[in-house]
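Build out the structure end to end from the sequences listed, making use of the hints.
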Amino acid sequence: MILLRVKLPDRPGSLGAVATAMGQVQADIYAVEIVERGDGYAVDDFILTLPATMMPDSLVSACASVEGVEVVWLSRYSAHWGLESDIETVNRMADEPHAAGEILVEDAPIGFHSSWAALIHLDRPGVVIATALAPELDTAAIALLGPLDELRTAELPAGWQPGWGVTVIAVSPLTGRRAIVLGRQGGPPYLRSELVRLRHLAALAG
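Mapping the sequence shown onto the working numbering, position 130 (from 1) lands on 346, and the numbers just tick up by one.
Some hints here could point you the wrong way.
To be verified - Computed spacing ranges between beta-carbons, pair by pair: (1) D244 / G422: 38 to 46 Å; (2) D311 / R393: 36 to 44 Å; (3) G232 / P313: 41 to 49 Å; (4) E318 / E249: 23 to 31 Å; (5) D302 / G254: 17 to 25 Å; (6) A310 / V412: 36 to 44 Å.
Stated by the list, open to error - Straight-line alpha carbon distances no greater than 16 Å define the calculated EDC-like cross-link-like pairs of lysine to aspartate or glutamate that follow: (7) K223 / E252; (8) K223 / E286; (9) K223 / D261; (10) K223 / E249; (11) K223 / D255; (12) K223 / D260; (13) K223 / E283.
It should be emphasised that the hints constitute simulated quantities derived from the structure, not laboratory data.
The C-beta atom is built at its ideal place from N, Cα and C for all residues, glycine as well.
Right, dumping it as structure tokens:
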């Protein structure tokens, strides 16, 4: 599976032109998600596969051949993740309100196309729960994440943790002096619309 993030003109036919270009390199599109809309543009995520004979570079070239289209990011995407809507996460949190924060952390890597997520207590400080691919977050590592009591995104430089490359994070506070932190290895940056979604879900988690 491949996750491809594309910025394209927000006009009729643009999405179809991109899909047609992908078809020319035999891409099999499983899902498309609109991540953000701005003044005259849209940002879409495509979940797709390519034949073994096709290199990812061919996909980038195909998309770039469409006028006004820019490939923002391309990476491998765990096939078992799939796509899970915010509504499903909200329903799960409503069913188990005592564990809402933990549920949000479990679902966030799927809903936000992230490598990992962690729930951190601000006062101790310490990790309440983290997903399997999260780095070791001791007190020193948590300090490197920056302020955890405000909605924000930041880029951590390569080597911020031993063996880790550049990592883009998104942070949103929860009640109870807690914060959720999401991480993406190498990017792409978290968009404003993604931060708004994260803040909304964090508020519902309590």
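We went through each hint and held it up to the structure:
Taken as a hint, the range 38 to 46 Å holds for the pair D244 and G422, whose Cβ atoms sit roughly 40 Å apart. Restraint check, D311 to R393: a C-beta distance of roughly 25 Å breaks the suggested window 36 to 44 Å. Between G232 and P313 the C-beta distance comes to about 43 Å, which sits within the given range of 41 to 49 Å. At about 25 Å, the beta-carbon gap between E318 and E249 stays in the expected band of 23 to 31 Å.
Range check, D302 to G254: about 20 Å between beta-carbon atoms, so the 17 to 25 Å window is met. A C-beta distance of roughly 20 Å is found between A310 and V412, which places it outside the suggested range of 36 to 44 Å. For the hint pairing K223 with E252, the CA-to-CA distance comes to about 9 Å; that is within 16 Å, so the pair holds. Restraint check for K223 and E286: satisfied, since their Cα atoms lie roughly 5 Å apart, inside the 16 Å limit.
Among the hinted pairs, K223 with D261 is consistent with the structure: their alpha-carbon atoms are about 9 Å apart, no more than 16 Å. Straight-line distance between C-alpha atoms of K223 and E249 comes to about 12 Å, which keeps the hinted pair within the 16 Å bound. Taking the CA atoms of K223 and D255, the gap is near 12 Å; set against the 16 Å cutoff, the hint holds. For the hint pairing K223 with D260, the CA-to-CA distance comes to about 7 Å; that is within 16 Å, so the pair holds.
Distance check on the hinted pair: K223 and E283 sit about 11 Å apart at the alpha-carbon level, within 16 Å; holds.
Comparing the model with each numbered hint stated earlier shows that hints 2 and 6 do not hold.
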